[in-house]
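Novice: Just need the whole structure built from these sequences, with the hints factored in.
Protein sequence lines, in the order shown, are assigned to chains A and B. Numbering-wise (our numbering), the first sequence opens with residue 1 and increments by one. Numbering-wise (our numbering), the second sequence opens with residue 1 and increments by one.
One should not assume that every hint holds.
Unchecked claim - Dumping the calculated DSS-like pairs for lysine-lysine here, alpha-carbon to alpha-carbon at most 30 Å:
| hint | chain 1 | residue 1 | chain 2 | residue 2 |
| --- | --- | --- | --- | --- |
| 1 | B | Lys203 | B | Lys166 |
| 2 | B | Lys451 | A | Lys15 |
| 3 | B | Lys403 | A | Lys10 |
| 4 | A | Lys134 | A | Lys15 |
Claimed, not checked - Far from chain B by the CB rule (all over 12 Å, computed), these chain A residues:
| hint | residue |
| --- | --- |
| 5 | Leu8 |
| 6 | Tyr64 |
| 7 | Arg251 |
Simulated from the structure, these hints should not be mistaken for laboratory data. Backbone N, C-alpha and C define an ideal beta-carbon position, used for all residues, glycine too.
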Amino acid sequence: MTAEVRPLCKPAEYKSDIKPVWCPGCGDYHVLMSFTRAFAELGLPPEQIAVISGIGCSSRIPAYTSCYGFHGVHGRSLALAAGLKVARSDLTVVVASGDGDGYSIGGNHFIHACRRNIDMTYVVMDNHIYGMTKGQPSPTTEPEFDTALSPGGTGLRPFHPLVIALASGANFVARAFSGNPNETASIIVEAIRHPGFSFIEILSPCVTFRPDEKAWKDLVHPAPVEATNDPGKASRRIMTDDGFNIGILYRGDRRPYQLHMGQASAELAELEREFET
Amino acid sequence: MGGRTSISVAIVGSGGAGTLTAGGLLLEAANAAGWYGILTRSVGPQIRGGEAAALLRIATEPVDCIADRYDLLVAIDWLNAHRFDAEITLAPTTLVIGDPRGGDAPPSVTAAMAAGARLIDIPMKEMAKAMPNGRANMIALGVTAKLLGIDRNVLSDLLRARFGAKGKAAVEANRIAVDAGYGAAAQIDLGARLDKPKKSTSKRWLISGNEATALGAVRGGIRFAAAYPITPATEILEWLAPNLQQLGGTLLQAEDELASINMIIGASFGGVPALTATSGPGLSLMIEALGLATAAEIPIVVIDVMRGGPSTGIPTKSEQADLNVAIHGLHGDAPHLVLAPQSVADCLFTTQWTVFLAEALQVPAIVLSDQFMGQARVAIERPADVAFIGRRLTATEIAAPYKRYALGGASVSPIAIPGTLGGQYTAEGLTHTERGVPTSGAADHRAQLDKRRDKLDRFDYGNHWATIEGDGEIAVVVWGSLTGAAREAVTQAHADGANVKLVAPRLLWPVRPEQFAAALKGVKRVLVVEQTHSAQFHRYLRAHYDLPKDVHVLHRPGPLTIGPAEIHRAIMDWSS
Ligand SMILES: Cc1ncc(C[n+]2csc(CCOP(=O)(O)OP(=O)(O)O)c2C)c(N)n1
Ligand code: SF4
Ligand SMILES: [Mg+2]
Numbered sequence: 001m002t003a004e005v006r007p008l009c010k011p012a013e014y015k016s017d018i019k020p021v022w023c024p025g026c027g028d029y030h031v032l033m034s035f036t037r038a039f040a041e042l043g044l045p046p047e048q049i050a051v052i053s054g055i056g057c058s059s060r061i062p063a064y065t066s067c068y069g070f071h072g073v074h075g076r077s078l079a080l081a082a083g084l085k086v087a088r089s090d091l092t093v094v095v096a097s098g099d100g101d102g103y104s105i106g107g108n109h110f111i112h113a114c115r116r117n118i119d120m121t122y123v124v125m126d127n128h129i130y131g132m133t134k135g136q137p138s139p140t141t142e143p144e145f146d147t148a149l150s151p152g153g154t155g156l157r158p159f160h161p162l163v164i165a166l167a168s169g170a171n172f173v174a175r176a177f178s179g180n181p182n183e184t185a186s187i188i189v190e191a192i193r194h195p196g197f198s199f200i201e202i203l204s205p206c207v208t209f210r211p212d213e214k215a216w217k218d219l220v221h222p223a224p225v226e227a228t229n230d231p232g233k234a235s236r237r238i239m240t241d242d243g244f245n246i247g248i249l250y251r252g253d254r255r256p257y258q259l260h261m262g263q264a265s266a267e268l269a270e271l272e273r274e275f276e277t
Numbered sequence: 001m002g003g004r005t006s007i008s009v010a011i012v013g014s015g016g017a018g019t020l021t022a023g024g025l026l027l028e029a030a031n032a033a034g035w036y037g038i039l040t041r042s043v044g045p046q047i048r049g050g051e052a053a054a055l056l057r058i059a060t061e062p063v064d065c066i067a068d069r070y071d072l073l074v075a076i077d078w079l080n081a082h083r084f085d086a087e088i089t090l091a092p093t094t095l096v097i098g099d100p101r102g103g104d105a106p107p108s109v110t111a112a113m114a115a116g117a118r119l120i121d122i123p124m125k126e127m128a129k130a131m132p133n134g135r136a137n138m139i140a141l142g143v144t145a146k147l148l149g150i151d152r153n154v155l156s157d158l159l160r161a162r163f164g165a166k167g168k169a170a171v172e173a174n175r176i177a178v179d180a181g182y183g184a185a186a187q188i189d190l191g192a193r194l195d196k197p198k199k200s201t202s203k204r205w206l207i208s209g210n211e212a213t214a215l216g217a218v219r220g221g222i223r224f225a226a227a228y229p230i231t232p233a234t235e236i237l238e239w240l241a242p243n244l245q246q247l248g249g250t251l252l253q254a255e256d257e258l259a260s261i262n263m264i265i266g267a268s269f270g271g272v273p274a275l276t277a278t279s280g281p282g283l284s285l286m287i288e289a290l291g292l293a294t295a296a297e298i299p300i301v302v303i304d305v306m307r308g309g310p311s312t313g314i315p316t317k318s319e320q321a322d323l324n325v326a327i328h329g330l331h332g333d334a335p336h337l338v339l340a341p342q343s344v345a346d347c348l349f350t351t352q353w354t355v356f357l358a359e360a361l362q363v364p365a366i367v368l369s370d371q372f373m374g375q376a377r378v379a380i381e382r383p384a385d386v387a388f389i390g391r392r393l394t395a396t397e398i399a400a401p402y403k404r405y406a407l408g409g410a411s412v413s414p415i416a417i418p419g420t421l422g423g424q425y426t427a428e429g430l431t432h433t434e435r436g437v438p439t440s441g442a443a444d445h446r447a448q449l450d451k452r453r454d455k456l457d458r459f460d461y462g463n464h465w466a467t468i469e470g471d472g473e474i475a476v477v478v479w480g481s482l483t484g485a486a487r488e489a490v491t492q493a494h495a496d497g498a499n500v501k502l503v504a505p506r507l508l509w510p511v512r513p514e515q516f517a518a519a520l521k522g523v524k525r526v527l528v529v530e531q532t533h534s535a536q537f538h539r540y541l542r543a544h545y546d547l548p549k550d551v552h553v554l555h556r557p558g559p560l561t562i563g564p565a566e567i568h569r570a571i572m573d574w575s576s
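Specialist: Quick look at the structure:
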């Protein structure tokens, strides 16, 4: 018997024919580009990939790929993805989220996904704003940023997702910038290859509600040091950096969540014995 | 004098008295002696210890409910026994056994005594103290077993099986205490005698409703569960966790119910039939995602073991008041399935059937069990096997472009399981086209709403949608765990010459107006029975079914149940 050999897909083949709803110039277009380049580099068949998301501009990404996708409810993508990966460990599971979806309404799942350390990759397109609902502050919005919902700014300290991921047990932590899709693609490739829960924070400008973020392209710079496997060291670096360090910041060696599905040791009929008298 | 077909016993005691252990052993002993029975427990709010009552009914035939009144009340001590006054109704014929050193009997007992009930003192604590490692609950067990006419050897065998692992001394200490109970009761006459057990040929089971639910789930094909612990559903999870693993499945403990329901949606999207179990507070948290599963057409099963509500309510006690939220809680027009088992044994069938329906219809399904059924333990005959196994219509040979939400036909469209080449699609909670592409167009919205309604409405649910028994101008319409009590009331009414029908829908949503009308054909009066404060079931019936002019509603919130005698009285008061 000869197995049919399928030619590897090119990046464009990981894109669907559905036209994105994103505003022209939105950073998320580049994230989509990075996804397709990463998938092609990994040589994964599209039907073996599942892209799972919640709600937000960023969360629209699954349908723009030619992979299996799930566009679920706001904030719950990590939970849905955990169920999928545990049930179907053969699939490559990539979760896409935004700073509102992932850090606010879905914040609890973020902590527990890091701790659970299931083998999947979590990508948050952080634009420091709620894009889809037209410009309200998110957990990563600067305290003085003025919006209709927070006149004069929230006065609140932004949330530190990378440090929280480290403290909670994520096994791979990186920061990327959407404007550098090749670099981002290679970070995604490494994240998918790394066992356990990999977290990538992608700075992805919202040109409509945060035009100031167009300046990010001039602010980002490569991380000055190599990734460490010491979460304490990685946390201290991240706490004190300028927020624009790009690259893989932490590679851990925690044992990923063990997946047992499919290994039966008993017949269904045997289970009722405990009830017999 | 002829014997009785059932006898009811309550054993009460304070924290640490071992009341529930004694109750459990008594049910096992009665089963071993050939009788059937049911054991439910009533416990206080304490996490460990605290007052507890074991409520038993031992019978010559399988029973699904406890009785309205008790023939025997055994108090290991009287501390806090007054807390059970409302739940344990005594009759002038009740025999009460108490320990004179265990505090004062509550006013309910003194009142029953004034009406003729007998109180007999047995100093169980003192007797226990005189024995090495003696336990008063074992003496109470001996007393009760003797009064019921259970052979002493039956109990000796059971004690060996139960305590053998703890060594000979433990078995011996318990045997001595039980024997002392037999001795102390030697001269006491219960005043009622249970008929001899019939010889049964089939296998016997001892099982709780929560265990039966879990077994039904795996028989129906569930291989993935995710859940967050909550009383009184936790036993389902604790049974599933090891047993799913043995079947090559798994249970994931979620961080909360928002996660657990999304986890099972993910697993089911991956092609593995999936379930979660919870109670009212958890169901409330799951509602948004139930709508997602409805819109994205992902089959899942949610077991709600109802407890007293709203809010945290009464975690340890039963009520049927989640009916409204289960049917109407979802925003938007969101057709889904709601089913309710009708007895402990039926938890197995109904759950298994629900898995089958959810998979066949690609829809979320809620099973409304309750604390009474879930935590009651019964001695029954092995339930018959049924052929319901969840199988979904999958897309295999796929022509491009794949239309996940294709219209037409039976309204159930083939679902592609990830990994299937050419089936790639995005499961979508936004209003979508046949391909699953988000849209806000009126025509697509309407078409998909129609599709999701039609697939449920047009399905042939067969005879299992309801239990319909007997014939007559009066119908008792009931649901869930009160079905057993209603059935007994109907049987008794027949014996009294009244013709009464029992109608108990197992499928609560979608409604079956034609079948319901057929069930009520010729019925002139309807007695609705339910355990809610606001008569939710009655309102539901009014909204969706035609009822005759004459309708009575017997409803009461939990935790007090409605027994067969009370339903019988309501029928007879009316039929005369
Ligand atoms: C339960 C619920 N609450 C609120 C909303 C409204 N909502 C939609 S997207 C969103 C915020 C999205 O922000 P983010 O995740 O940062 O995504 P972005 O649009 O910025 O990419 C909100 C609040 C919703 N869809 N569901
Ligand atoms: S609102 Fe902002 S985040 Fe949303 S699509 Fe437009 S630019 Fe992108
Ligand atoms: Mg955002």
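Novice: All hints, please: hold or fail.
Specialist: Hints, one by one, checked against the model:
A hinted pair counts as satisfied when its Cα atoms are at most 30 Å apart, and Lys203 of chain B with Lys166 of chain B qualifies at roughly 28 Å. Restraint check: the Cα-Cα separation between Lys451 of chain B and Lys15 of chain A comes to about 29 Å, which is no more than 30 Å; the hinted pair holds. The suggested pairing of Lys403 of chain B with Lys10 of chain A holds, with an alpha-carbon distance near 24 Å, which does not exceed 30 Å. Of the pairs offered as hints, the one joining Lys134 of chain A and Lys15 of chain A holds, with about 27 Å between alpha carbons and a cut-off of 30 Å not exceeded.
No Cβ of chain B approaches the Cβ of Leu8 of chain A within 12 Å, the least distance being about 14 Å, so the stated non-interface status holds. Residue placement check: Tyr64 of chain A does not keep its beta carbon more than 12 Å from all beta carbons of chain B (closest about 9 Å). Look at Arg251 of chain A: its CB is around 25 Å from the nearest CB on chain B, clear of 12 Å, so calling it non-interface holds up.
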